[in-house]
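In the order they appear, the protein sequences are chains B and V.
Residues 70 to 366 in the working numbering are what the first sequence spells out, letter by letter.
Residues 285 to 427 in the working numbering are what the second sequence spells out, letter by letter.
Think of the hints as simulated: they come from the structure by calculation, not from any bench.
Some hints could be false.
DSS-like mimics (lysine-lysine), calculated; alpha carbons at most 25 Å apart, straight line [claimed, not checked]:
id : chain 1 : residue 1 : chain 2 : residue 2
1  : B       : LYS254    : B       : LYS91
2  : B       : LYS254    : V       : LYS298
3  : B       : LYS333    : B       : LYS94
4  : B       : LYS117    : V       : LYS359
5  : B       : LYS91     : B       : LYS81
6  : V       : LYS298    : B       : LYS117
7  : B       : LYS81     : B       : LYS333
8  : B       : LYS345    : B       : LYS254
9  : B       : LYS165    : B       : LYS84
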Amino acid sequence: MASLRELRRKVKSVKSTQQITKAMKMVSAARLRRAQGRILSARPFAQKMETLLTDIFSAVAEPGQSGAAVRTVLGHPLLAERKTGPRGLVLITADKGLCGSFNTNLIKRGLEFLRENEGETVELFCVGRKGRDFFRRMKVAVRGEYVNIFNQLSYAHAELIGRDVTDFFVNRPARDVTVIYNEFKSVMQQRPVRSVWLPLTPPVPASVRPAAPDFLYEPARERLLESLFPRALKAQIFRALMESAAAELAARMTAMENATRNAKELIESLTLYANKLRQAAITKEISELVGGAEALQ
Amino acid sequence: MARPFPLSVVTPEKVSWEGNVDSLVIPAHEGQLGILPGHAPLLAQLTPGVVRIRQGEETRLLAVSGGYVEVFGGKVSLFAETAELESEIDAERARQAVSKARSDLRGGAGEPGGSEQTMAALRLALARLRVADRLRRPPPHSH
Numbered sequence: 070m071a072s073l074r075e076l077r078r079k080v081k082s083v084k085s086t087q088q089i090t091k092a093m094k095m096v097s098a099a100r101l102r103r104a105q106g107r108i109l110s111a112r113p114f115a116q117k118m119e120t121l122l123t124d125i126f127s128a129v130a131e132p133g134q135s136g137a138a139v140r141t142v143l144g145h146p147l148l149a150e151r152k153t154g155p156r157g158l159v160l161i162t163a164d165k166g167l168c169g170s171f172n173t174n175l176i177k178r179g180l181e182f183l184r185e186n187e188g189e190t191v192e193l194f195c196v197g198r199k200g201r202d203f204f205r206r207m208k209v210a211v212r213g214e215y216v217n218i219f220n221q222l223s224y225a226h227a228e229l230i231g232r233d234v235t236d237f238f239v240n241r242p243a244r245d246v247t248v249i250y251n252e253f254k255s256v257m258q259q260r261p262v263r264s265v266w267l268p269l270t271p272p273v274p275a276s277v278r279p280a281a282p283d284f285l286y287e288p289a290r291e292r293l294l295e296s297l298f299p300r301a302l303k304a305q306i307f308r309a310l311m312e313s314a315a316a317e318l319a320a321r322m323t324a325m326e327n328a329t330r331n332a333k334e335l336i337e338s339l340t341l342y343a344n345k346l347r348q349a350a351i352t353k354e355i356s357e358l359v360g361g362a363e364a365l366q
Numbered sequence: 285m286a287r288p289f290p291l292s293v294v295t296p297e298k299v300s301w302e303g304n305v306d307s308l309v310i311p312a313h314e315g316q317l318g319i320l321p322g323h324a325p326l327l328a329q330l331t332p333g334v335v336r337i338r339q340g341e342e343t344r345l346l347a348v349s350g351g352y353v354e355v356f357g358g359k360v361s362l363f364a365e366t367a368e369l370e371s372e373i374d375a376e377r378a379r380q381a382v383s384k385a386r387s388d389l390r391g392g393a394g395e396p397g398g399s400e401q402t403m404a405a406l407r408l409a410l411a412r413l414r415v416a417d418r419l420r421r422p423p424p425h426s427h
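Bound conformation, chain B alone (with noise of 0.2 Å):
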């Protein structure tokens, strides 16, 4: 049985873990704000390179073209299908922990991943240092490796992360560039997802072409299309780093939230534990005073 003073201690050290809880809490909370506001304020960007591509792309490609015919006609790197060739896989995690089950999801997702492509060859990207730190004590080889962006992402790591895939895709060349990460669905909510990055997905030519007024295009159209690709890969990769970001803070508040829940509820049954020891000595030394005199009498 744990003595008074020993349960007093365990309180007192309870208690300051509980305030690093709390505030991780806080400074996750006033951090996922500043993250969700990043991700709306480069909306814009995304929204018009989107809506550039299907519209030249639209106006390029015939009507009623398939995505492959297209796709030939096009001939652009980004949009090769190949059969063979190694596969390549982005693991987003985070740096750092404590944040629930955000990496060990990840990192399980990952793991699938190199199961169900058993034989042949994977090769690994991986952002975020907890994903790294895991592929490098399992002996897996890690091609590309980004760690400590998180605090300071920026458009300039999309950049070096879409080069270096492009780079392995185009060059090597590989069969697919394969992603997964945590999207950021809602503060109480992540979700992890797997998406193909390349070969790129060609937009859907709309079946109406848009009215398109006389617009001047300096380059022509499909010299202007060529340019678009590899911007939209890289708006890709900025939106998933985004996200993932924005994912982890909300884990951690989560994560931190329940954590100073739990430390308030071991508090208190450790006190409450404590009072009815100090009572049972007390009762107990009563007792005993009350036994002497008796004895004495």
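Knowing the structure of chain B, use the given hints to seat chain V on it.
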């Protein structure tokens, strides 16, 4: 005189500048391109360089790294990976980038496609320098 038109400068991270302008000159794919009020609808690709924005007497310079300009419905939108005003540029870093890109080009030990990237980096760094350097010169019209 024609009325000023709205211009918005959008980067992947945010809408970085908005305002009504009288004219602007952009480094388009096939050379400098001036846009005045009432310009025909246009979609042009940008190369790394300097965008000049004129607002009345004032001229602003903006270093861009490439992107697109769209003129449509009397509005101009500029989409660029990076777009920096004078105040946002670190001249010292740009100078270093210029000398690094120059020595890379001289060395010529680039992988295929590498020199193209170096050229783009050089152009961007030079554009930054041009934008930043104007800040240190005394303004032409002192009030």
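Hint by hint, here is what the structure shows:
A hinted pair counts as satisfied when its Cα atoms are at most 25 Å apart, and LYS254/B with LYS91/B qualifies at roughly 24 Å. Restraint check for LYS254/B and LYS298/V: satisfied, since their Cα atoms lie roughly 21 Å apart, inside the 25 Å limit. Between LYS333/B and LYS94/B the CA atoms are separated by roughly 15 Å; this keeps the pair inside 25 Å, and the hint holds. At roughly 14 Å between alpha-carbon atoms, LYS117/B and LYS359/V fall within 25 Å of each other, so this suggested pair holds.
Simply put, LYS91/B and LYS81/B have alpha-carbon atoms about 15 Å apart, close enough for the 25 Å limit, and the pair holds. Between the alpha carbons of LYS298/V and LYS117/B the distance comes to roughly 13 Å, so the proposed pair stays at or under 25 Å and holds. Restraint check: the Cα-Cα separation between LYS81/B and LYS333/B comes to about 12 Å, which is no more than 25 Å; the hinted pair holds. In summary, the hint linking LYS345/B to LYS254/B is not supported, as the alpha carbons are separated by about 46 Å, beyond the 25 Å threshold.
Note on LYS165/B and LYS84/B: the hinted pairing holds, with a Cα-Cα distance of about 23 Å set against a maximum of 25 Å.
Hint compliance for this structure: hint 8 is the single one not met.
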